[in-house]
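For the sequence shown, full-length UniProt numbering assigns the number 1 to the initial residue and increments by one for each residue that follows.
Calculated directly from the structure, the hints in this document are not laboratory data. Nothing here was measured: the structure is a model prediction, and the numbers come from that model. Hints may contain errors.
Said to hold, decoys possible - List time: in silico BS3-like cross-link candidates among lysine-lysine, alpha-carbon distance up to 30 Å:
(1) K341 x K461
(2) K48 x K256
(3) K48 x K26
(4) K346 x K461
(5) K90 x K198
(6) K343 x K461
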Amino acid sequence: MPETEILDDESSLPPQFVAAKRITMKDYMGEPTDFRNMVHEYCIRKGKPLVISDMHTLPGWDSETFSLDQLKKYRGEEISTLDFPENVKKEVVLGKFIQKLQQENELERDRSYTALRASTQKVYAKDITCPTEYAGSLKKIIPDYLLPHGPDDLFSILPERFRAENLMCYLGQNNTGTPIHRDLCGTMGHNLMTMGDKDSFAEWIIIEHEHRDKLAGILRPSQTEDLVVDFSNPPKHTKSSFMESDRAWLHNSMLKNAQFQAQVIVQRPGDLVIIPSRAYHQVRNVGVSVKIAWNRITAQTLQYAFEDQIPLYQTIIRPEVYKCKAIVALTLQHWNTQLKKLKNSKKPRSTEFAKYHGLNTDRNRKIFFDNSRILLALFLTNILAPEMTYVKPNIVTDKKDEVFTVRCDFCYGDVFHRYYHCEICDDYDLCLNCYSMGRSCEHVTNMKMHQSPKKMSDYIKLYKEYIQNLNNVIGASIKYYCEEDKEQYFLEK
Numbered sequence: 001m002p003e004t005e006i007l008d009d010e011s012s013l014p015p016q017f018v019a020a021k022r023i024t025m026k027d028y029m030g031e032p033t034d035f036r037n038m039v040h041e042y043c044i045r046k047g048k049p050l051v052i053s054d055m056h057t058l059p060g061w062d063s064e065t066f067s068l069d070q071l072k073k074y075r076g077e078e079i080s081t082l083d084f085p086e087n088v089k090k091e092v093v094l095g096k097f098i099q100k101l102q103q104e105n106e107l108e109r110d111r112s113y114t115a116l117r118a119s120t121q122k123v124y125a126k127d128i129t130c131p132t133e134y135a136g137s138l139k140k141i142i143p144d145y146l147l148p149h150g151p152d153d154l155f156s157i158l159p160e161r162f163r164a165e166n167l168m169c170y171l172g173q174n175n176t177g178t179p180i181h182r183d184l185c186g187t188m189g190h191n192l193m194t195m196g197d198k199d200s201f202a203e204w205i206i207i208e209h210e211h212r213d214k215l216a217g218i219l220r221p222s223q224t225e226d227l228v229v230d231f232s233n234p235p236k237h238t239k240s241s242f243m244e245s246d247r248a249w250l251h252n253s254m255l256k257n258a259q260f261q262a263q264v265i266v267q268r269p270g271d272l273v274i275i276p277s278r279a280y281h282q283v284r285n286v287g288v289s290v291k292i293a294w295n296r297i298t299a300q301t302l303q304y305a306f307e308d309q310i311p312l313y314q315t316i317i318r319p320e321v322y323k324c325k326a327i328v329a330l331t332l333q334h335w336n337t338q339l340k341k342l343k344n345s346k347k348p349r350s351t352e353f354a355k356y357h358g359l360n361t362d363r364n365r366k367i368f369f370d371n372s373r374i375l376l377a378l379f380l381t382n383i384l385a386p387e388m389t390y391v392k393p394n395i396v397t398d399k400k401d402e403v404f405t406v407r408c409d410f411c412y413g414d415v416f417h418r419y420y421h422c423e424i425c426d427d428y429d430l431c432l433n434c435y436s437m438g439r440s441c442e443h444v445t446n447m448k449m450h451q452s453p454k455k456m457s458d459y460i461k462l463y464k465e466y467i468q469n470l471n472n473v474i475g476a477s478i479k480y481y482c483e484e485d486k487e488q489y490f491l492e493k
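Using the sequences and the hints, build the whole thing.
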């Protein structure tokens, strides 16, 4: 982690930095609709970072639940693999680690655990499985549409066996932090500081996606080369594995001559940070603090994932993790079922689905319509169309339960429907894209095309049926209509 001076005051920043927008939850206590609209407009549509302060003043906040002693009770027996200085990884009992950290930082503590012998200094306890008690407390504090697996989080569509662990705790202290990175697959990041000792905070440096190529010019020089960065001619659409490696630290001095301003958040207890899709961000901790972090997937973040993040992952060989193709298909399938129910209901706006998505207002119906249109475009163009061009005889159909379970063994991308399987290796699969590029194991002539048990015609039927139901149930009420028969172009090719 760089030893450069940490920014601790949003009101007094060097010229190359600007404070991110900060609001207080107190101003929206009685205006939930205004708050939801503001977050959607600023964070999702405009793609800007936001910090919401004073979350700890809400009636549902319980400081005792978020204390270090309580964390020891909730997760003390957990065995965590932590990175100690000199690149040493150690498995430790989390309760003993916390006890030692409290001792070294002279924090008030109970005696429930014997302190770890090794020093905890410069050790960041990351990706701790979030206690169920924390998840319950979040529901009392965070608006439901910002919650993990809430109404605006498409992760909730996935069956539990496919869901990646997404709600994590971070126990930080002096000289710890997270290098510059982006959240996976274009997801939106959320980070709530729930506990901090006196004067503790976290410095966030955020670079919006639109500045990615200029940022690549800053991070491009290696440690062994004395290169001068030409900011007048930055690289275009770079596919840098280093930028996506979660190993690059951004020094404040590196931004001195940048042609953009980095945004800064000084996060303290009670601050909820929202990081927009595809934004790069770096965190450095001062003092002892605990944060809860989670990601959400929306139709907009899926669009960004398919536009540039998934193609980038396939190039740099990085696992996709979040099963974006499956989320698109399963969301349309679920929403289509609910639209049918709305169409046949005598009181459609009183149904659970309508309340869940706020379909009683024109604004929310338009948002739902726009989200549907994004998902339909992704489903047809990015998911179904590539599969339609591969029509071969003697395709092997997988077993009934093998849907969305295959991953390419070369690029680690998720397979949606068809793929190539090596009949000799038996456990080697390739997506259509990798196979078409000549990627393979040593038995390239022994690979056979396989497909999931669900028929392609069923997916096309879902696409067509969804458009009809969307237009009839939602579109007609707001005078918006989605074009039909677009699939014919691909079917006739």
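Checked hints:
At most 30 Å may separate the alpha-carbon atoms for a hinted pair to count; K341 and K461 meet this at roughly 18 Å. Proposed proximity of K48 and K256 is supported: the alpha carbons are some 22 Å apart, at most 30 Å. Distance restraint check for K48 and K26: the Cα-Cα separation of roughly 21 Å lies within the 30 Å cut-off, and the hinted pair is therefore satisfied. Distance restraint check for K346 and K461: the Cα-Cα separation of roughly 26 Å lies within the 30 Å cut-off, and the hinted pair is therefore satisfied.
Taken as a hint, the K90 and K198 pair is honoured in the structure, with Cα atoms around 29 Å apart against an allowance of 30 Å. Straight-line distance between C-alpha atoms of K343 and K461 comes to about 18 Å, which keeps the hinted pair within the 30 Å bound.
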